[in-house]
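Using the hints, position chain A against chain G.
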Amino acid sequence: MDKENILEVKGLHKRFTSKGVTVKAVTDVSFNVKPGETIGIVGESGCGKTTLGRCIVRAYSASEGEVFYRTKSGEELDFLKADKKKMKEIRKEIQMIFQDPYSSLDPRMTVLDIIKEPLRANYPNMSKDEMDQKAKAMAEKVGLNPTYLMRYPHAFSGGQRQRIGIARALVIEPQIIVCDEAVSALDVSIQAQVINLLRDLQKELKLTYLFISHDLSVVEHISDKVGVMYLGQMVEFAPAEELFEKPRHPYTEALLSAVPVADPTIQMNRIPLKGEIPNPANPPSGCYFHERCHYCIDKCRTDSPKLTTTQDGRSCACHRADELGLRGFTYDENAKTQKAGK
Amino acid sequence: MSEGNILEVKDLHVDIHMTEGLLTAVRGVNFEMKKGETLGLVGESGCGKSLTCKAILGINDRKCVPSGQILFDSEGLGKVDLLSLDPKGQNIRSIRGKEISMIFQEPMVAFSPMYTIGNQINEATRLHITKDKKKSKEISMEVMRKVGIANVEKRYNQYPHEFSGGMLQRALIAMALVCNPKMLIADEPTTALDVTIQAQILELMKELQKDFNMAILFITHDLGVVAKMCDRVAVMYLGKIVESAEASEIYANPQHPYTRGLIGSVHKIGSRKEDRLFSIEGTVPLAMNLPKACGFYDRCDVRIEGLCDKAEPELTEIAPGHKIACFNCPHEACRAQREKVEAMLKKEAVKNG
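For the protein sequence lines, the chains are G and A, in the order given. Quick note: to get this note's numbering, add 3 to the position in the first sequence (first position is 1). Quick note: to get this note's numbering, add 3 to the position in the second sequence (first position is 1).
One chain only, chain G, in its complex shape:
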């Protein structure tokens, strides 16, 4: 494991078998995460991004592969092979924020109890007062009024509930947060509030985010690096700005061209994709994307391209990545300098 990394995912596979049919939900995904980074994972529904997130927190046990993790004490561990005791240790440091703020909170627990629960589960010896104190401090940090903590979740709006979910994830002081569509269910103005909160907390607590979302503009705003998934495979992984400006994989290009831009003067020429996402139980031969790709050559039908990293630190799984010169978003110069200085 590289000394700079906090998390390394290597050759992760997840297969689900039901009635004799095997679905490859995640196939051979590898990437590295440095502390304090935000990694965005994008893709359409059914591409395996949620499964990937769940495998990383070991909510699902992966079929194959390794997830190396560096704990706060500097220990390197393979999370997927860790025994129960070690796993519990690691779980304290990797937490998750869920998509639906309505179903991810127990309606029969008070908000205080919900935020306290991770403490109760992980620190059985902690005194009640200390737990209360910690939970209240965290509630305040995420912008919840501490006088409301004895209420039940139904009394809160969607944005506030998502804040409760964030407080619950942060109360045991984790290093990595997996945000699975954390803002998708919220209205735009509330979305902006929660995204700002996540960024403030990241700075303050030095958090590392794995931000799973289908909303490309949110991902572009929050992420340092972005991984694009298609049918369980990572097809492209690159720094956010470069990926949006000069995509290398045809699927990324098509995905970007479909984003609705909140400006009627800009008309993007959409690159239509042929057909629908293939059935993951019966994926096509060669490159999984070749049936829908506009740049498909004979080689794509037979050979499956590997995710290869070029010298500039970008990875792409396409036979023709170097020659295509695909189209992305145009950035103004201001935006670039702004981001470089960040």
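Derived from the structure by calculation, the hints contain no laboratory data. Just so it is clear, the structure is predicted and the values come from calculations on it, not from any experiment. Glycine residues also receive a C-beta, built at the ideal position from the N, C-alpha and C atoms. Check each hint, because a few of them may be wrong.
[Stated by the list, open to error] Listed below are several chain A residues computed to face chain G (Cβ distance under 8 Å; list not exhaustive):
| hint | residue |
| --- | --- |
| 1 | T199 |
| 2 | A202 |
| 3 | G227 |
| 4 | A250 |
| 5 | H270 |
| 6 | I272 |
| 7 | I283 |
| 8 | N292 |
| 9 | K295 |
[Unchecked claim] Counterexamples of contact, computed for chain A against chain G with all Cβ distances above 10 Å:
| hint | residue |
| --- | --- |
| 10 | G7 |
| 11 | K57 |
| 12 | C182 |
The following block gives chain A in isolation, referenced to the frame of chain G:
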């Protein structure tokens, strides 16, 4: 009703009788739609946009009581006030689904899982066009082809669970269009879909709009979708329209602080990247026992103390087609309104000592 308009909503109120009291979800909405145009109704959840649409079709929940006027230029009935019709009567039924139809938000929920797709599309055909089974099946299949469903003969007899989300939304559009309506209400038709599928469906709707020459009332909270689809936009907040204008105008020159906030809180890819997104603080208040004040007062960054919390601004035209309800707008018409209200408030204060 003016010539060329297909729909005129006048002073629409929707009251919801709850155990806690009376909630006025829609508080005096006025708008009109021309034939063949697309009007976007934008706002956060709870601002009353869905209730407005349901009031048009008369499919509100029993607890919701609409009042006001909704004039519709109907083919069969001439110019009618839809609210005056019995929601269970023959008249509204001849309009509902035939002249005005609706696409719902979640295609997975909108279809019954127990009947085939073909059967459900056919329901509208048999009700409004022909009782002949063979003919109605042909018409339904034709529309299915039009919305881009491949292999119609097989698809017609399949159940909803055999369709993907995007295909199901196409089927739902087919169901709405099968009777050739003059007006389509689309309630967040693409919110549940992926971006690539969303783009396909939006393009399809635009194409079909040209073919069928329909007016579309497009409800959404996604400003990107609005920019792509709509001719005109009306922004709703707390049961009222606070700004309405041509789509290009509203993006280039938003006047109401809420509209500015909404547009500002969407991050544009490739734009100048600041650390924080612009966000409107606070949340939408509950529309119960509202004080006589601007509904946006608590969250507004340009509010005027002593004015905005005492009176409610009315929708004023500041340029042809551009209306706004805000006291703190430098435009003449708004200033005139502000002075008038200020004078009135002063008088009242004197009267009350």
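| query | Per the CB criterion, is I272 (chain A) less than 8 Å away from chain G? | reply | Holds, because the Cβ-Cβ distance from I272 (chain A) to chain G comes to roughly 5 Å (cut-off 8 Å).
| Does the claim that C182 (chain A) lies off the interface hold, with its Cβ farther than 10 Å from every Cβ of chain G? | 28 Å, holds
| request: Would you check whether A250 (chain A) satisfies its interface hint, that is, whether its CB is within less than 8 Å of any CB in chain G? | output: With a closest approach of 5 Å, the A250 (chain A) hint holds.
| query | Does G7 (chain A) sit more than 10 Å from chain G, CB to CB? | reply | 23 Å, holds
| said: Does the closest beta carbon of chain G sit nearer than 8 Å to the beta carbon of G227 (chain A)? | reply: 3 Å, holds
| said: Less than 8 Å between beta-carbons is the criterion; does K295 (chain A) satisfy it with respect to chain G? | reply: 24 Å, violated
| query | Measuring from the C-beta of A202 (chain A) to each C-beta in chain G, is the shortest one below 8 Å? | reply | Result: holds, 4 Å to nearest chain G Cβ.
| Is the Cβ of K57 (chain A) more than 10 Å away from each Cβ in chain G? | K57 (chain A) clear of chain G: closest Cβ-Cβ about 20 Å, beyond 10 Å.
| Quick one, is the N292 (chain A) hint okay against chain G at 8 Å, beta carbons? | Because about 18 Å separates N292 (chain A) from the closest Cβ in chain G, which is outside the 8 Å limit, the hint is violated.
| Close enough to count: is the Cβ of I283 (chain A) nearer than 8 Å to one in chain G? | 4 Å, holds
| said: Can you verify the interface hint for T199 (chain A): is its Cβ closer than 8 Å to any Cβ in chain G? | reply: 5 Å, holds
| said: Restraint: H270 (chain A) near chain G, CB-CB cut 8 Å. Satisfied or not? | reply: Because about 4 Å separates H270 (chain A) from the closest Cβ in chain G, which is inside the 8 Å limit, the hint holds.
Going down the numbered hints, you'll see the structure goes against 8, 9, while the others check out.
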